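Residue numbers for the sequence shown follow numbering that gives the first Met the number 0, so the first one is 0 and each next one is one higher.
Derived from the structure by calculation, the hints contain no laboratory data. Since the model is a prediction, treat every value here as computed from it, not as a measurement. Treat the hints loosely; a few may be bogus.
Unchecked claim - Using 27 Å as the maximum straight-line C-alpha spacing, the simulated DSS-like pairs for lysine-lysine come out as follows:
{"#": "1", "residue 1": "55", "residue 2": "71"}
{"#": "2", "residue 1": "46", "residue 2": "71"}
{"#": "3", "residue 1": "22", "residue 2": "105"}
{"#": "4", "residue 1": "22", "residue 2": "55"}
{"#": "5", "residue 1": "110", "residue 2": "55"}
{"#": "6", "residue 1": "22", "residue 2": "110"}
{"#": "7", "residue 1": "122", "residue 2": "105"}
{"#": "8", "residue 1": "55", "residue 2": "105"}
{"#": "9", "residue 1": "122", "residue 2": "71"}
{"#": "10", "residue 1": "105", "residue 2": "71"}
{"#": "11", "residue 1": "122", "residue 2": "46"}
{"#": "12", "residue 1": "46", "residue 2": "105"}
{"#": "13", "residue 1": "122", "residue 2": "22"}
{"#": "14", "residue 1": "22", "residue 2": "46"}
{"#": "15", "residue 1": "122", "residue 2": "110"}
As the list claims (entries may be wrong) - So the derived label-pair ranges between C-beta atoms look like this:
{"#": "16", "residue 1": "33", "residue 2": "68", "range": "11 to 21 Å"}
{"#": "17", "residue 1": "76", "residue 2": "33", "range": "31 to 41 Å"}
{"#": "18", "residue 1": "46", "residue 2": "98", "range": "11 to 21 Å"}
Where a beta carbon is used, it is the ideal one built from N, C-alpha and C, also for glycine.
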Amino acid sequence: MPRQVLSVGQCGPDHSAISRFLKSNFDVVISTADTIVDAMYDLRAAKYDLVLVNRKLDADYSDGGELIRLIKADPALVDVPIMLVSNYPEHQANAVALGAEPGFGKLELGKADVVARLEPFLK
0 MPRQVLSVGQ CGPDHSAISR FLKSNFDVVI STADTIVDAM YDLRAAKYDL
50 VLVNRKLDAD YSDGGELIRL IKADPALVDV PIMLVSNYPE HQANAVALGA
100 EPGFGKLELG KADVVARLEP FLK
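Based on the sequences and whatever the hints tell you, model everything.
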(Lines of atoms letter the chains of each structure in order from A; the text may use other names.)
(Lines give C-alpha, C1' and ligand atoms only; values in the text may rest on other atoms or scores of the structure.)
Protein backbone atom coordinates (compact mmCIF):
# COMPACT_ATOMS: atom_id res chain seq x y z
CA MET A 0 0.00 0.00 0.00
CA PRO A 1 1.48 3.38 -0.97
CA ARG A 2 2.67 5.75 1.74
CA GLN A 3 0.98 9.14 1.91
CA VAL A 4 3.12 12.29 1.70
CA LEU A 5 1.90 15.86 2.08
CA SER A 6 4.18 18.37 0.34
CA VAL A 7 3.63 21.90 1.61
CA GLY A 8 4.68 25.14 -0.02
CA GLN A 9 6.84 23.90 -2.88
CA CYS A 10 6.90 25.83 -6.15
CA GLY A 11 5.91 23.88 -9.27
CA PRO A 12 9.41 22.91 -10.45
CA ASP A 13 10.54 21.92 -6.95
CA HIS A 14 7.37 19.90 -6.37
CA SER A 15 8.01 18.06 -9.65
CA ALA A 16 11.63 17.32 -8.73
CA ILE A 17 10.73 16.14 -5.23
CA SER A 18 7.88 14.00 -6.59
CA ARG A 19 10.13 12.35 -9.18
CA PHE A 20 12.74 11.63 -6.53
CA LEU A 21 10.23 10.17 -4.08
CA LYS A 22 8.39 8.10 -6.69
CA SER A 23 11.65 6.69 -8.07
CA ASN A 24 12.61 5.42 -4.60
CA PHE A 25 9.34 4.67 -2.80
CA ASP A 26 5.73 3.64 -3.35
CA VAL A 27 4.11 6.98 -2.48
CA VAL A 28 1.12 9.15 -3.21
CA ILE A 29 1.98 12.83 -2.92
CA SER A 30 -0.62 15.45 -2.07
CA THR A 31 0.05 19.17 -1.99
CA ALA A 32 -0.93 22.12 0.16
CA ASP A 33 -0.04 25.69 -0.69
CA THR A 34 -0.51 27.41 2.67
CA ILE A 35 -0.34 26.68 6.38
CA VAL A 36 -4.15 26.82 6.59
CA ASP A 37 -4.49 24.34 3.71
CA ALA A 38 -1.92 22.01 5.29
CA MET A 39 -3.61 22.00 8.70
CA TYR A 40 -6.96 21.27 7.05
CA ASP A 41 -5.47 18.40 5.05
CA LEU A 42 -3.71 16.97 8.11
CA ARG A 43 -6.98 16.87 10.02
CA ALA A 44 -8.83 15.29 7.08
CA ALA A 45 -6.41 12.46 6.19
CA LYS A 46 -3.53 10.42 7.58
CA TYR A 47 -0.06 11.19 6.22
CA ASP A 48 3.09 9.13 6.71
CA LEU A 49 5.31 12.17 6.16
CA VAL A 50 4.94 15.92 5.72
CA LEU A 51 7.55 17.82 3.70
CA VAL A 52 7.53 21.56 4.38
CA ASN A 53 9.36 24.16 2.35
CA ARG A 54 11.35 26.67 4.42
CA LYS A 55 9.38 29.50 2.81
CA LEU A 56 5.99 28.57 1.38
CA ASP A 57 5.82 29.58 -2.26
CA ALA A 58 2.20 30.82 -2.23
CA ASP A 59 2.58 33.48 0.46
CA TYR A 60 6.21 33.23 1.61
CA SER A 61 5.12 32.28 5.12
CA ASP A 62 7.62 30.47 7.32
CA GLY A 63 7.58 26.68 7.17
CA GLY A 64 8.79 26.67 10.78
CA GLU A 65 5.41 28.08 11.81
CA LEU A 66 3.68 25.03 10.35
CA ILE A 67 6.07 22.74 12.23
CA ARG A 68 5.24 24.61 15.47
CA LEU A 69 1.49 24.27 14.85
CA ILE A 70 1.68 20.56 14.08
CA LYS A 71 3.86 19.78 17.09
CA ALA A 72 1.56 21.83 19.36
CA ASP A 73 -1.57 19.95 18.23
CA PRO A 74 -2.17 16.79 20.31
CA ALA A 75 -3.93 15.13 17.36
CA LEU A 76 -0.99 15.79 15.00
CA VAL A 77 2.07 15.79 17.24
CA ASP A 78 3.16 12.32 16.08
CA VAL A 79 3.01 13.10 12.35
CA PRO A 80 6.59 12.98 11.00
CA ILE A 81 7.62 16.23 9.37
CA MET A 82 10.77 17.27 7.49
CA LEU A 83 11.93 20.67 6.34
CA VAL A 84 12.99 21.05 2.72
CA SER A 85 15.89 23.51 2.83
CA ASN A 86 19.51 23.61 1.72
CA TYR A 87 20.47 25.71 4.77
CA PRO A 88 21.91 23.80 7.77
CA GLU A 89 20.85 26.51 10.24
CA HIS A 90 17.21 26.21 9.13
CA GLN A 91 17.43 22.41 9.32
CA ALA A 92 18.77 22.70 12.88
CA ASN A 93 15.93 25.06 13.82
CA ALA A 94 13.33 22.67 12.35
CA VAL A 95 14.77 19.76 14.35
CA ALA A 96 14.69 21.91 17.48
CA LEU A 97 10.97 22.48 16.80
CA GLY A 98 10.36 18.73 16.61
CA ALA A 99 10.91 17.91 12.94
CA GLU A 100 12.93 14.97 11.70
CA PRO A 101 16.24 15.84 9.99
CA GLY A 102 15.23 16.95 6.51
CA PHE A 103 17.01 17.63 3.25
CA GLY A 104 17.63 20.32 0.69
CA LYS A 105 16.65 20.34 -2.95
CA LEU A 106 20.31 20.14 -3.89
CA GLU A 107 20.50 16.78 -2.09
CA LEU A 108 17.77 15.08 -4.13
CA GLY A 109 19.00 11.76 -5.47
CA LYS A 110 21.63 11.19 -2.79
CA ALA A 111 21.70 7.84 -1.01
CA ASP A 112 21.78 9.41 2.46
CA VAL A 113 18.52 11.26 1.75
CA VAL A 114 16.90 8.01 0.64
CA ALA A 115 18.12 6.41 3.87
CA ARG A 116 16.72 9.35 5.90
CA LEU A 117 13.31 8.88 4.26
CA GLU A 118 13.16 5.08 4.51
CA PRO A 119 11.84 4.86 8.09
CA PHE A 120 8.76 6.83 7.02
CA LEU A 121 8.20 5.66 3.47
CA LYS A 122 9.13 1.94 3.37
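Hints not upheld, ascending by number: Hint check: 17 fails alone, others pass.
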